[in-house]
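Student: Please put together the full structure from these sequences, using the hints given.
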Amino acid sequence: MSRLLSSSIARKIAMALSGLFLMVFLLQHFLINITSVFSEAMFNEISHFMGSNPLVQFALQPVLIFGVIFHFVMGFALEMQNRKARSVGYVQFKGNTNSSWMSRNMIYSGGVVLLFLILHFYDFWVPEITYKYVEFLPEDPSRYYEELVHKFHDPIRVGLYVLSFVFLSLHLLHGFSSSFQSVGANNKYTRCLKSFGTAYAIIVPLGFAFIALFHHLNTL
Amino acid sequence: MAVLDSKIPEGPLADKWTQHKNNIDLVNPANKRSIDVIVVGTGLSGGSAAATLAELGYNVKSFCFQDSPRRAHSIAAQGGINAAKNYQGDGDSIYRLFYDTVKGGDYRSREANVYRLAEVSANIIDQCVAQGVPFARDYGGLLNNRSFGGVLVSRTFYAKGQTGQQLLLGAYSAMNRQIGRGKIKMYNRHEMLDIVKVDGKARGIIARNLVTGEIERHSAHAVVIASGGYGNVFFLSTNAMGSNVSAAWKIHKKGAYFANPCFTQIHPTCIPVSGEDQSKLTLMSESLRNDGRIWVPKNEKDALAIREGKLKPTELPEDQRDYFLERRYPAFGNLVPRDVASRAAKERCDAGFGVNATGEAVYLDFADAITRYGKEQAHVKGLDEDDASLIEKLGKDIIKSKYGNLFQMYEKIIDQNPYETPMMIYPAVHYTMGGVWVDYNLMTTIPGCFAIGEANFSDHGANRLGASALMQGLADGYFVLPYTIGDYLSDDIRTGPISTDTSEFEQAEKEVRDQLNAFLNANGTHPVDYYHKKLGKIMWNKCGMSRNEKDLKSAIKEIQELRDDFYKNVRVPGTADSFNEELAKAGRVADFLELGELFAKDALDRFESCGGHFREESQTPEGEALRDDKNYTFVSAWEYKGKPSDAVLHKEELTYDNIELKTRSYK
Amino acid sequence: MKLTLKIWRQKNATEKGSMVTYPIDNISPDMSFLEMIDALNNMLILRNEEPVAFDHDCREGICGMCSMFINGEAHGPDRNVTTCQLHMRKFKDGDTITIEPFRAKAFPVIRDLVVDRSSFDRIQQAGGFVSVNTSGNTQDANAIPIEKNKADLAFDAAACIGCGACVATCKNSSAMLFVGAKVSQYALLPQGKVEATQRVQNMVAQMDLEGFGNCTNTGACEVECPKGISLENIARMNREYLSASLKG
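Sequences listed follow chains A, B and C, in order.
First residue of the first sequence? That's 1 in my numbering, and the numbers climb one at a time after it.
First residue of the second sequence? That's 221 in my numbering, and the numbers climb one at a time after it.
First residue of the third sequence? That's 888 in my numbering, and the numbers climb one at a time after it.
Hints in this document: simulated from the structure, not taken from any laboratory.
Be careful, since some hints might not be right.
[What the hints assert, rightly or not] Quick list of in silico lysine-lysine cross-link-like pairs, DSSO-like style, CA-CA up to 27 Å:
hint	chain 1	residue 1	chain 2	residue 2
1	A	K84	C	K898
2	A	K84	C	K1058
3	C	K1037	B	K622
4	C	K898	C	K992
5	B	K773	B	K850
6	B	K236	B	K882
7	B	K521	B	K227
8	A	K94	C	K889
9	A	K94	C	K893
10	B	K380	C	K1035
11	B	K850	A	K188
Tutor: Right, here's the structure in full:
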């Protein structure tokens, strides 16, 4: 395994796999959140399950956190390495004639998403962990919806969230198909997959933005 | 005759090579480890020879002037490689390939060598396939063939229009394997500037590191020259810019005879010259003549109107066109051999019927083929055979699938769409059949110095057939030289390492340094290219597609004058101890300026027309080439005596025991 | 045509280089890009200046030696061509043209526009071959039928001319397209399968050692490749590498 991670292709595959994992998580996160738009009870119920199930809490949650950290650390390490691979730069470089902005700027879109995650953890994850494991407050299966709605009251926060979702979308627009290419899946299904990836990269972040705006506007 | 011993083995033609292999001396594997061989050039012959010699166990030092062995100009060959495999079951055989090659060479090649070439040809394909060369295949998964160059069987193997590149990459991969094993030491960006002889034997070379300018001494027990042909003596040719005669010429000056320098192949289907600044010519595969029809206007005034841009070729009605190859050679039509097609095109252009701005181009028209294929497709698909635009579309698709890459290349260079308007083509220098004289063992007249591939003279006579150059290069390198060199080296097993600290190396190095300094110090008024272009003009106008005594004599004089002027007035900037392409070019052009003279001298001496060499004094009343078998069935091998004009001619008489000499007729 | 050329000049590998501006006149639109540089060089020689060093050889787009980064793109603005096949008609009278060497740590500059691409050779030496003797004692060429589709794909991969435009154009200076094409050619053919595991591992290891960057699938290499080598070859190499690693 250590040999696997020492080569460029191995790191690239690891990036792709962690990315794919995060995309699965993202979809799951989205599906749970969207329930908040039409059913407070359902949202509370699922949230309560996720928040109290030991498997989710003590197995999946650490894995997820590891996945996020791994993806970012590896991403930054690769970026540093890639920059070193060209010690003298070009005077003129027309990247836009042969590749998309998204593909060339994953480090920036990813960086914005990282900043967002810090905010997001501060908003939800830190209070949640404090609630459950620091202050050991009594469990209330109906508190989740209220907390959610409460957070989206602040227009600045909503603005930051929506902006972040735009960058998330840009990141996914390249990341989705790129991860399949990295693990070696490039075949007759690739065109389909690319269309699906584009749809995913637009719909999921758009959905998140919609949820944030929905709750913000609903409480006005 | 005493000086030239071709060492052709005794016995029946078909057994000569096998018997020879059985009888020559071998070097045992342990001894091979203490023998060094230098190979200059990494094309098909040099690359394959270096790989094979290294695999046998010799220590090989390989040299190329490019930045990687993979760039040698063999890579540019498009069409294919011949082999007597008879996979198509159309009656091909070793004998037939042998026969076609000797006949195609207009009976000026050595029977035994050509037979051996045909014999090993089949093995080349096996070898290349085993190396992973992606030859074209049919739907059954077996190798595909096409027919080529007017022969009667389909024996040409190909990899789209990149056969040369794929074969070279095969040889390069075999080299890489040996470089990885440490058996080949590769010297990229190095140019051989002289050979070093010790006690009359080739024992090393002086090379210049083209990056640092350093002059290096390299010793070996044998030196193999695989540096290709000298077509660039014409300045404009289909050769690469760096292709040069220097390695071959340097050994010539040290004692290797130079054979048949005037045998040059001029290829009919090249993209015409567009202007004074043009640096090279681009060839388009001969296969285009399978479907294209060659013509010029019937009337000179139409030709003039086309040249001035007042008339479009597509507007000229059918009965105003002169399909001159079909007219002159009804039996073979557009598929006559290269030399015949080239001369016919030149004849028309000289008579004033040329069709580009300079009047040096003829049309190659695919309109008929497009219609023919279109109709065929419409019929096959059951579509309307009278719908002209549909026919045109279907036909263009077929042409595209067959020649798409060539059409694209043409459009990039000329900026005209060849699907809509006929292509313009003109003959260009392409290959040189002449080269360093070698015996049956591929050894030159310098003991221990071998010449292989296009650099030697042996197999193609006065004219090479299409798809035979790749075959010869690989045959020499993979299957001939590795055996025959052992016979020579078997005497060297006790020699031990050869020191470079000897007076011979010192002397050779000094001569090289003196020449480089002479170029740098001339500090004249003209860049090297100026002289190269001038030489090219003389060669093309007076030693080109047709030659006569008066022009050849004046060419010799002009080249001598140009050479004197070159040494006095060339300007080479920079220094000798740095990357200096102008300096490298100066050395190459200096050698071309000497070779050019010998070329003209040889052409003057050969008072007959054969193959690529057409003497105006020797033609039939209809203007066809007239060979003189009685007086000229020999190889002209020239010995250097201080300067080209003093070169001494030695004749190797050619005997044909297995083949009857006939006049080539394509009428 | 009248042009302004901005060209990278660097005396040798160790000295610092800089962009130098040269005005040039009387350029015909029918000239190739390299013929335009020839004209510049002859002008410089007559002015007693050193000509611009650049790599070139066959000038018909197959040897892979020419290597300029023109106006921000490898081999210039045209597609599916090498620099030697680029013609001046692709530019306009009065244009300013920026000409730089291919840039990558693994392609150090030798002089002016000439770079050292021997890293590509070393990658090939690490495994870009089939270990078959060149003795000629091989089985008959038609003994192994190869599916036409596979043979064609192998050919498409083998069409790579090793010019290095993929590396030059990649924002990460990655050599994955080049190595992917080589690995693919052999992986697709039965002759190459025997050594496939070792080959891909050795070639990738050498590629990493040479200091090329990592592939981030921007696809720029495929667009700029003069021979149109497909990204599928990179995916195939990734697959080959994955399965080789799992085999151990």
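Student: Does each hint hold? Answer for all of them.
Tutor: How the hints compare with the structure:
1. Under the criterion of a C-alpha separation no larger than 27 Å, the hint pairing K84/A with K898/C is consistent with the structure, at around 23 Å.
2. Distance hint between K84/A and K1058/C is fulfilled; the C-alpha atoms sit about 11 Å from each other, no more than 27 Å.
3. Distance check on the hinted pair: K1037/C and K622/B sit about 20 Å apart at the alpha-carbon level, within 27 Å; holds.
4. Using a Cα cut-off of 27 Å, the hinted pair K898/C and K992/C holds, with the two alpha carbons roughly 18 Å apart.
5. In summary, the hint linking K773/B to K850/B is supported, as the alpha carbons are separated by about 24 Å, within the 27 Å threshold.
6. With a CA separation close to 24 Å, the supplied pair K236/B and K882/B stays within the 27 Å bound.
7. A threshold of 27 Å between alpha carbons decides the hint, and for K521/B with K227/B the separation of about 59 Å lies outside it, so the pair is violated.
8. As the CA atoms of K94/A and K889/C are separated by approximately 23 Å, the hinted pair is consistent with the 27 Å bound.
9. Among the hinted pairs, K94/A with K893/C is consistent with the structure: their alpha-carbon atoms are about 16 Å apart, no more than 27 Å.
10. With a C-alpha separation of about 13 Å, the suggested pairing of K380/B with K1035/C holds against the 27 Å cut-off.
11. For the suggested pair K850/B and K188/A, the alpha carbons sit about 67 Å apart, so the restraint of at most 27 Å is broken.
Comparing the model with each numbered hint stated earlier shows that hints 7 and 11 do not hold.
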